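Student: Please model the complete structure; the sequences and the hints are all you need to start from.
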Amino acid sequence: MSSTQTDIQQPVGKNYPRLVADIGGTNARFALETAPQQIEKAQVLPCKDYDTIVDAAKAYLEQAGGAEVRHAAFAIANPILGDWVQMTNHHWAFSIETTRQALELDTLILLNDFTAQALAVTQTSSKDLMQVGGHKPIEFAPKAVIGPGTGLGVSGLVHSPAGWVTLAGEGGHSSFPPFDDMEVLIWQYAKNKYGHVSAERFLSGAGLSLIYEALAKRDKLKNYRLKPSEITEKALSGTSPLCRQTLDIFCAMLGTVASNLALTLGARGGVYLCGGIIPRVLEYFKTSPFRSRFENKGRFEAYLAAIPVYVVLSEFPGITGAAAALDNHLKNV
Numbered sequence: 000m001s002s003t004q005t006d007i008q009q010p011v012g013k014n015y016p017r018l019v020a021d022i023g024g025t026n027a028r029f030a031l032e033t034a035p036q037q038i039e040k041a042q043v044l045p046c047k048d049y050d051t052i053v054d055a056a057k058a059y060l061e062q063a064g065g066a067e068v069r070h071a072a073f074a075i076a077n078p079i080l081g082d083w084v085q086m087t088n089h090h091w092a093f094s095i096e097t098t099r100q101a102l103e104l105d106t107l108i109l110l111n112d113f114t115a116q117a118l119a120v121t122q123t124s125s126k127d128l129m130q131v132g133g134h135k136p137i138e139f140a141p142k143a144v145i146g147p148g149t150g151l152g153v154s155g156l157v158h159s160p161a162g163w164v165t166l167a168g169e170g171g172h173s174s175f176p177p178f179d180d181m182e183v184l185i186w187q188y189a190k191n192k193y194g195h196v197s198a199e200r201f202l203s204g205a206g207l208s209l210i211y212e213a214l215a216k217r218d219k220l221k222n223y224r225l226k227p228s229e230i231t232e233k234a235l236s237g238t239s240p241l242c243r244q245t246l247d248i249f250c251a252m253l254g255t256v257a258s259n260l261a262l263t264l265g266a267r268g269g270v271y272l273c274g275g276i277i278p279r280v281l282e283y284f285k286t287s288p289f290r291s292r293f294e295n296k297g298r299f300e301a302y303l304a305a306i307p308v309y310v311v312l313s314e315f316p317g318i319t320g321a322a323a324a325l326d327n328h329l330k331n332v
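First residue of the sequence shown? That's 0 in numbering that gives the first Met the number 0, and the numbers climb one at a time after it.
Everything labelled a hint here was simulated from the structure, so no lab data went into it.
Any given hint might turn out to be false.
As the list claims (entries may be wrong) - Computed cross-link-like contacts, DSSO-like style, restricted to lysine-lysine with a CA-CA straight-line distance of at most 27 Å:
| # | residue 1 | residue 2 |
| --- | --- | --- |
| 1 | Lys190 | Lys221 |
| 2 | Lys219 | Lys233 |
| 3 | Lys192 | Lys233 |
To be verified - Pairwise CB distance ranges (calculated):
| # | residue 1 | residue 2 | range |
| --- | --- | --- | --- |
| 4 | Asp50 | Val183 | 38 to 48 Å |
| 5 | Gln244 | Asp50 | 34 to 44 Å |
| 6 | Thr33 | Asp127 | 16 to 26 Å |
| 7 | Ala92 | Ser236 | 23 to 33 Å |
| 8 | Gly162 | Gly237 | 42 to 52 Å |
| 9 | Lys126 | Gln187 | 41 to 51 Å |
| 10 | Lys330 | Glu138 | 22 to 32 Å |
This one's a predicted model, so the numbers in the text were calculated from it and none came from an experiment.
No residue lacks a Cβ here, since even glycine has one placed at the ideal position from N, Cα and C.
Tutor: Here it is, written out as structure tokens:
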């Protein structure tokens, strides 16, 4: 996480409203936090419609009634390594400090979007979680957070005497591990096309299209390019066996990567699936190859069978996490 702040100290009553955002490669989700964890006026703005992040934020604030905001937090699909941010899956590039000044803020913090997702997990109601297999979570055991969307986000939560601590990593860009001969074929296709094959290459919207492309090329089909939405629609309607196979392979791959993360973290507190793809295929996902692949780890099958997996259904978890991060920051300044 990186932040900039002036020396101006605001009275407690002037801390709200706060501007909070969850910015991905496709959409920027903005909202106002008007009181602790009271999120209002949430809007989704397409990133492609704005030249800069400042333009998008100003457009949102104007649409939200021109509220005077002094403190802001942006969760963003990118590693935060200093003041300069160059988005991985979008063209926006900016200085955090220059952005703070342009928006006339006293405080602006940026954090990785899946660090925010992980923070939101600790505040998510059970009604916004759908469990897929496993038993009860072990209290205070580590939790894994992973989610395919425009990219693949990965994070985790470890408990400490001070509460839950989030892990800021870039696990989506770790090398993808093919599980069987079919995945080796798909992996080889991607390797020939891109060189290094990360987990994100397959476990993302573009990845769903890439899996289909590899299978269609294998079958020598002329129409080997489909959008992710077309693949899921044809898969679920039963109009394309190849699209159904694509979706099955996607979910199996997600099972492998999620179980690897669970083993790495010892995530007996549960695995939480975020991102925009899984909620769109929710009924299918319940009986997809995900869970059987998740547990398919040889001698550690029983260990993984006990770990619950939850699909996070809350509408704006990244915004909730950004608000929590901003509150923590302001309390510690």
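Student: Would you mind marking each hint as holding or not holding in the structure?
Tutor: Evaluation of the provided hints:
Our distance criterion of 27 Å between C-alpha atoms is met by Lys190 and Lys221, whose separation comes to about 21 Å. Between Lys219 and Lys233, the direct Cα distance comes to roughly 19 Å. Compliance with the 27 Å bound is thereby established for this hinted pair. Distance restraint check for Lys192 and Lys233: the Cα-Cα separation of roughly 26 Å lies within the 27 Å cut-off, and the hinted pair is therefore satisfied. The hinted range of 38 to 48 Å is satisfied by Asp50 and Val183, whose Cβ atoms lie roughly 43 Å apart.
Our hint of 34 to 44 Å for Gln244 and Asp50 holds, since their Cβ atoms are close to 40 Å apart. Range check, Thr33 to Asp127: Cβ separation about 21 Å, and the 16 to 26 Å hint holds. For Ala92 paired with Ser236, a C-beta distance near 40 Å fails the hint of 23 to 33 Å. The beta-carbon spacing between Gly162 and Gly237, approximately 47 Å, falls within the hinted interval of 42 to 52 Å.
For Lys126 paired with Gln187, a C-beta distance near 43 Å keeps the hint of 41 to 51 Å intact. Checked against the hint of 22 to 32 Å, the C-beta distance between Lys330 and Glu138 comes to roughly 25 Å, which is consistent with it.
In this structure, only the earlier hint numbered 7 is contradicted, and the remaining ones agree with it.
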